[in-house]
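K.L.:
Chain by chain, the residues run as shown.
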Amino acid sequence: MKKLINIFLPILIIFFIIIISCKKTDSNVSQDSEEIFKAFYSSEPIPSDIIWLTNDTDLEFASPEAKKGGTLNSFILSFPNTFRVVGPDSNNSLRGLILDNQLSLLEMHPNSENLIPSLATHWAFDKNKRTMYFKLDKNAKWSDGVSVTGHDYAYTIEFMRSKHIVAPWYNDYYTNFIEKVIVYDDYTISISLNKPLPELYLYLTLSPTPRHFYKQLNEEFITKYNWSIVPNTGPYQITKFNKGKFIIFERKKDWWAKDLKYFKNRFNADRVIFKVIKDNNIAWEYFKKGSIDVFGLTIPDYWYDKTKVKEFEYGYINKIWFFNDTPQSAMGMYLNQDKEIFKDKNVRYAFAHAMNVEKVIKTVLRDDYFRLENGYVGYGKYSNNKIRARRFDLDKVDNYMKKSGWNRGDDGIWIKNGLRFSVDVVYSQEEHTKRLVVLKEEAKKAGVELNLDRLDPATSYKKILEKKHDVAWMGWSTSSRPRFWEHYHSDNAHKPQTNNVTNNDDKELDILIDQYRNSIDENERIKLSLILQEKIYNIGDFVPTFMIPYVREAYWRWIKLPKKFGTKVTDNLFDPFNTSYGGLFWIDENIKKETLDALKSGIKFEPVTIVDETYKMDIIK
Amino acid sequence: MIRINPLTLNKIKRFKSIKRGYYSFIIFFIIILFTLFAELFINNRALIVYYNKKIYFPVYNKMYPGKVFGLDYDYETNYRELKNNFSNSSSDNWVLLPIVPFNSYENDLKENLYPPYPPSLKDKHFVGTDKAGRDILARLVYGFRLALLFSFTLLIINYMIGISIGCIMGYFGGVFDIVFQRIIEIWSNVPFLYVVIIISSIVTPNIMLLILIMVFFQWIGMTWVMRTITYKEKERDYVLAARSLGASSSRIIFRHIIPNTISIIITYAPFSISSGIITLTSLDYLGFGLKPPSPSWGELLQQGWSSLQSYWIAGSVISAMILVLTLVTFIGEAVREAFDPKLFTTYE
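Those sequence lines, one after another, are chains G and H.
Each residue of the first sequence is one higher than the last, beginning at 1 in our numbering.
Each residue of the second sequence is one higher than the last, beginning at 1001 in our numbering.
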């Protein structure tokens, strides 16, 4: 008997544990999905006092001459580890290409910057300043033929909040920033943020997620969808791929949006092939042979020297230098105001006047870069274009330094009470050394000593964020509107791990920054933005250096571009998919044949180098 | 007056008779002498300026601002311009410039032409400029001086620590010997390059710090050799004699044993110098060496590699390395041969 109990008891216990745990998970799942269900679907009618907006008056930007057909051959440097666009390893080179074929509710017109329809035909703003309403296009279809409905947007929220996608940032963003999607009927929805913000459309134009494809998510998501081709709403879909070798996108012949005003005559190539070529130099050789159709030439070496070959001189390959007008990274020197030497405004001004950035541009950078005039260039109405960066000027350096009681020492460097004007410049890219040595030698003339302190990227970033630098040589990434709080508010000064790397601490400025952040009136924000930039210029803790407001590319002559080549925001003229400005080019098969014949027989064409300044910023004209 | 031991004299005679090594030594010595006074040959400061009946020697003096010579600026005089000014005007002022009128830092940049510039006699860039328009010859020479300073300091500190500890281990033996043997064994397994990379990613090393890091790992090399020799030497009769005369241990080690092992130490020295130069060059090449813009062979090599079409960059630094390392190796071989004990002692 005892023996029997000894055997049975453990088995019984295990059995119970299994039953209990099963029950527990079951009830969890049903509870969760019920909650989500309640949150997403509403039986209340849509408010009647909203005004529906649409846009069919802005100009089209595609060329009516465009012909469909042909293949665009391009390359990627590495094959992605997954086709998923969320979760581990998803941040790869292909992600952008896949996402570009996933339309969102609205687009911004690349030239006028007004909203234009995409998956939604109409939109409206709620009075609460945190909700937008959308009427969906009833013709919109997934690539597998299923209609796109409001439920697919509700599913985006469910999908992005799911723990199974292993993407904590998205989990958080779609929970704490985006509040909810309400589905009124199959083709009417509203989306809300958790708090009122100006220019809601920057945040609320979500993309749908195909609910019929994913259904209920579970912990297998990460592995199950690694190589699945998810239904999309855009012009192309992956049709073939060979891991490590190539990926082929094919144009949907009966794409639902092909005749819409702002999509007409775009996305013309029948196929887009991305070969994996692991080295830029090898890709360049492929390009010269014609196995790749387009190649970026922004680097001066390529634009000037490497293009001195037969293919360019005989006119088989054309070059284009296209100026655009987009927000520019705030590249430059950030002076740490917590360091004794930079507490004095005159010294900061003098430092700026001691930097011969123009000489660096003229000599080392082959006059290809442009002087950045201020940290907020290219933000349209938000940019204060009256501001000019302080130029190299020895007299002004003299004036400012003498005003603060400094004198030149024996070695020509300014000195005051034993403190020499000698500062460390923290930077990380070896490529930048040759720019900095020129600045250093020129600064010596102005009596300023720069010590170059090159650290590896992680360490230099750490040093800067811990505010241990004298001068940080760096740039910030851009956003669609100027940001001031991160970089200049005293909330972020004198403490590590914030982006206020100049330790700017100015109560008057704080008030303006808070006003700017809290305002939901666009005009007021623009006005504040201009004032803030002027104030920041007067503080003088940032010496702007360079900007590159253009793209340069080479393309075989069978690739054709519209008369205006691109749009204001184009940063790749041959982008095949970009929903905002991409797919404007087309391929002329007759010219391709003619060119390939000419290549064989050695016939020459007129070499072509286009410089287009239509969208060149006023500030550099 | 230093009295030279007849045995040593013999060795020197023997060294002189090995022509390849001896001439290498002379050439190397001249090169060192030259680099010590490099400012007189390669410099942007003039050797002599004769201005308004006064003579100036800017090379080893403080900085003269342009105003001193009637120019309109407060920063250091550009003597090349000054020379042009003087020769264009009819005054009897003159400037004597060094052969290469550039220092190793300044960027000699031109309008509408982009560096690196090829070698040119007219511009006085005898082996061209690097990618930032700096004279390569100047950077080679000053870089060599830095590398030599580095190697010699490294050698002296290494040998001081290595020889002392090695001798003490060998002479006293016992616990001290065993403990240090284990320490050294563990020490020598620390991967040197990684430590340098880690340290130089946290701070940008200056030359002293780099030497200290290197010493930290390289003092070990000499200890093993010295320990073994001391073991052998301390059993020899002269040590016994000294001890019976009442000499202290330190006197025996430093006055008797070390002088008797000097020949072995010397044969190691040239090779340590060349390895010092190579180490500094390779660290600079990898970007973990001296901080920019210090003139350095490794940095030049890196530039040359990334722009092979500018053959003069890689070409000049590789030739310089081959020359110096060959000379040092020849010297080292000759020293080793000259100090070979088999030639002067006979064992019975």
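Just so you know, these hints were derived from the structure itself, not from any lab.
Some clues are possibly wrong.
Cross-link-like lysine-lysine pairs, in silico, DSBU-like; alpha carbons within 30 angstroms at most [said to hold, decoys possible]:
#, chain 1, residue 1, chain 2, residue 2
1, H, K1234, G, K445
2, G, K444, H, K1234
3, H, K1232, G, K445
4, H, K1110, G, K359
5, G, K444, H, K1083
6, G, K306, H, K1110
7, G, K339, G, K224
8, H, K1083, G, K362
9, H, K1054, G, K362
10, G, K402, H, K1062
If you want a taste of the chain G side facing chain H, the calculated C-beta under 8 angstroms gives, among others [to be verified]:
#, residue
11, K434
12, G447
13, D456
Each residue gets a CB set at the ideal place from its N, CA and C atoms; glycine is no exception.
K.L.:
Give me the numbers of the hints this structure contradicts, sorted from smallest to largest.
P.N.:
Hint check: 1, 2, 3, 7 and 9 fail, others pass.
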